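A.B. asks: Chains as they are written, first to last, in the UniProt record's numbering: chain A, 1 to 170; chain B, 1 to 551.
Think of the hints as simulated: they come from the structure by calculation, not from any bench. Just so you know, not all the hints are guaranteed correct.
No more than 27 Å apart at the CA atoms, straight line, and that leaves these computed lysine-lysine pairs for BS3-like [unchecked claim]: (1) K24/B <-> K140/A; (2) K5/A <-> K127/A; (3) K5/A <-> K99/A; (4) K165/B <-> K127/A; (5) K37/B <-> K127/A; (6) K127/A <-> K24/B; (7) K215/B <-> K165/B; (8) K128/A <-> K69/A; (9) K128/A <-> K37/B; (10) K45/A <-> K99/A; (11) K127/A <-> K8/A; (12) K8/A <-> K24/B; (13) K364/B <-> K476/B; (14) K215/B <-> K300/B; (15) K45/A <-> K127/A; (16) K215/B <-> K140/A; (17) K24/B <-> K97/B; (18) K128/A <-> K24/B.
Partner residues are not named here, just some residues of chain B that face chain A (Cβ under 10 Å, in silico) [said to hold, decoys possible]: (19) P136; (20) Q151; (21) P163; (22) E284.
Note that the structure is a prediction, hence the values are computed from the model and not measured. We put the CB at the ideal spot given by N, CA and C, even for glycine.
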Amino acid sequence: MPLVKQGKMVADGYIHVADDAEIPVDGAALISAARFLADPEVLLKRSSPTGVIWPNNRDPEELVPYLDKLAVVALVFPSFRDGRAYSQARLLRERYKYKGELRATGQVLRDQFVIMLRAGFDSFEVKKDADAEAFAATVKRYTVFYQPTGDGRITALHQRMQLRHAENAR
Amino acid sequence: MYAYDEIDRTLINERVSEFRDQVKRRLAGELTEDEFKMLRLMNGVYLQLHAYMFRVAIPYGTLSSPQLRKMAHVARRYDRGYGHFTTRQNIQFNWIKLADLPDALEDLASVGIHAMQTSGNCTRNVTTDQWAGVAPGEVEDPRIWAELLRQYSTMHPEFSFLPRKFKIAITASAHDRAAIKVHDIGLRIHKNEAGETGFEVLVGGGLGRTPFIGKVIKPFVHGRDILSYVEAILRVYNQYGRRDNIYKARIKILVHELGIEKFAAEVEDEWLATRDSALTLDNEVVEDIRSRFTYPHYQKLSDTPDELTAASADPHFARWLKNSVAPHQRTGYAIVTLSLKPVGGPPGDATAEQMDAVADLADKYSFGEIRVGHEQNLALPNVARRDLPALWRQLDKLGLATPNVNLVTDIIACPGLDYCSLANTRSIPIAQELTRRFANNDLAELIGRLHINISGCINACGHHHVGHIGILGVEKNGEEFFQITIGGRADEHAVVGTLIGPAVPFAEVADVIEDIVEAYLALRARPDELFVQTVERLGVEPFKERVYATR
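The shape of chain A in the complex, shown without the other chains (with noise of 0.2 Å):
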């Protein structure tokens, strides 16, 4: 599954780490939400970056202790039109200020990009090749948005009112 980061196609560094299976010693890791918090201080002490997949159903609120020190928070839409994630994301950044890489997985495809940059998300694992290979294309889609959020982009509103100052300025 193509990864793109930080808007460009790149090589997943992470392995995700099964349940049953041994976490390595060396290596970026992804770890599932039980495992991690079953003994976060020893995870977090590893040599390599550590990373979470964290369940759409779980309060994100149980990860501020260890923000600082998590490499990724993976979010997860199990379907696309499951949007409870958008919602982490949100919390994560914009109230836990999570500065970390945060990852969309599951079923992500190319037509809810823009609004998970919106959301926060900086890496996506894309589930065609043709939707990675269009993000580019894709998130320029928009150049208009209505609401604030985290990803500092100017509303609608706002740019109005700076219109108007503009122009009784003059």
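With chain A fixed as given, assemble chain B onto it according to the hints.
C.D. replies: Below, chain B alone, put in the same frame as chain A:
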């Protein structure tokens, strides 16, 4: 009228171009139907029994004459020459081809009309009183807030894949014409002691197979906080709303299962964490939106011009005047409802020719403005009273002056099995038969205000639960049967109607309704006791006895 600026227009055009690409990918097989389905739904495209259906938004029920002409154009060019106005301030075209949809959307975009989020599990078209801005006694024009909410909810990056659809309605009048109590969020505008605008917020109303009347979650949310408060409700719903069962996924079920107190506490916690954010609406921002609603330059006119007095000698005109014309905020003006419920016609349908003609009449008599209400009628909101006789003559020729507004033949009905793939029964033929049975205007006037609502299945698009008389189609052993409820209402006293007895077959529905109406006429305490008041006073039993005694 709200004028879209370059920013709004850009977004609509970007959306059309995205949808064009999605349709292309679907036709090329790059998108599966399952993947495409949610995308097309969010652009208003359903797959019905015979064809694709295309639902276009009429934000807060306000249309300009060029916009209505463009609807007529779409009906003519891409459909079969007519459109159907729905109960949520939308218009539907029933025979459109998938490959034509991007062009139809592009044509509509040229007049600032779109189909964004008219379906799908997202926030739908924000609706309000069709008399907004002209109704006497209104607190303020609710469309300013409806537009702020429209912008806020359009392509929301967090709430585009909610557990289920989400509907918001706003009213600013004591008499609720927007049915806010049967919406996921209902907003009633009122002022606090300091004279500042805010909202009584209701949550968890809705019809469908489990009807609920909305409950007050907060008596006053200040206008500046309304977006953050709505966001808090949506965030709680997005995380905790049920996704295991489509029939239990609406917010009303979450509110019911948690209880309003616990739900309100969850929302309050979430809100307190987000209220002081970029969602706060500065007065300046609200005023900027307000400034882009333009209002007519009304003249100083008389409420009793000579033209009106003279024409009132004609009993046909007088009847229409009494029935379809309502008072306006401004002296000398009136709000005129155009009935889309002619005898024998499908409720809410208008032909392209009618739409064009109404647009012309709006230009001539209503400052170019048309309104669409949830009762599936149109309105001209700004008619000088001296012009009423001339307007009436032209409406009458167009078949748009049936004097039955709010009367027994002003029926709300879903499309039913004639179009809809979800329906169990037909709705339109029942409505048509009832309009014939009660075609006598004297009889209809004698009966007085009486709302009949018909749904062809339990999804309740015809709002049968809140009809004074509700008719619900069900299938029994392959045959169409109808359950009848009475005593429901959708206004500020909203209540779900009560079933009067066993379902009746298709052929008997009109007889049963006639029996119910006859019972009412015999039972009412005085001529001005409305049907729904008689039911409230006596309960359903006396009606049940009359209907089932001989069956």
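A.B. asks: State for each hint whether it applies.
C.D. replies: Now the hints, each set against the structure:
With a CA separation close to 18 Å, the supplied pair K24/B and K140/A stays within the 27 Å bound. In summary, the hint linking K5/A to K127/A is supported, as the alpha carbons are separated by about 14 Å, within the 27 Å threshold. Under the criterion of a C-alpha separation no larger than 27 Å, the hint pairing K5/A with K99/A is consistent with the structure, at around 14 Å. Between K165/B and K127/A the CA atoms are separated by roughly 26 Å; this keeps the pair inside 27 Å, and the hint holds.
For the given pair, K37/B sits about 17 Å from K127/A by alpha-carbon distance, which is consistent with the 27 Å threshold. This hinted pair checks out: K127/A and K24/B have alpha carbons roughly 19 Å apart, not beyond 27 Å. Between K215/B and K165/B, the direct Cα distance comes to roughly 18 Å. Compliance with the 27 Å bound is thereby established for this hinted pair. Restraint check: the Cα-Cα separation between K128/A and K69/A comes to about 31 Å, which exceeds 27 Å; the hinted pair is violated.
Under the criterion of a C-alpha separation no larger than 27 Å, the hint pairing K128/A with K37/B is consistent with the structure, at around 18 Å. Between the alpha carbons of K45/A and K99/A the distance comes to roughly 19 Å, so the proposed pair stays at or under 27 Å and holds. Of the pairs offered as hints, the one joining K127/A and K8/A holds, with about 15 Å between alpha carbons and a cut-off of 27 Å not exceeded. About 25 Å separates the Cα atoms of K8/A and K24/B, which keeps this hinted pair within 27 Å; it holds.
For the hint pairing K364/B with K476/B, the CA-to-CA distance comes to about 51 Å; that exceeds 27 Å, so the pair is violated. The suggested pairing of K215/B with K300/B is violated, with an alpha-carbon distance near 43 Å, which exceeds 27 Å. A threshold of 27 Å between alpha carbons decides the hint, and for K45/A with K127/A the separation of about 32 Å lies outside it, so the pair is violated. Among the hinted pairs, K215/B with K140/A is inconsistent with the structure: their alpha-carbon atoms are about 42 Å apart, more than 27 Å.
For the suggested pair K24/B and K97/B, the alpha carbons sit about 13 Å apart, so the restraint of at most 27 Å is met. Between K128/A and K24/B the CA atoms are separated by roughly 17 Å; this keeps the pair inside 27 Å, and the hint holds. With a cut of 10 Å, the hint placing P136/B at the interface with chain A is violated, because the nearest CB-to-CB distance is about 31 Å. Interface hint status for Q151/B: upheld, as the beta-carbon distance to the closest one in chain A is roughly 4 Å, under 10 Å.
A hinted interface residue such as P163/B counts as satisfied when its beta carbon comes closer than 10 Å to some beta carbon of chain A; here the least separation is about 8 Å, so the hint holds. Checking E284/B against chain A by beta carbon gives a least distance of about 7 Å; that is within 10 Å, so the hint holds.
Violated hints for the displayed structure, listed by number in ascending order: 8, 13, 14, 15, 16 and 19.
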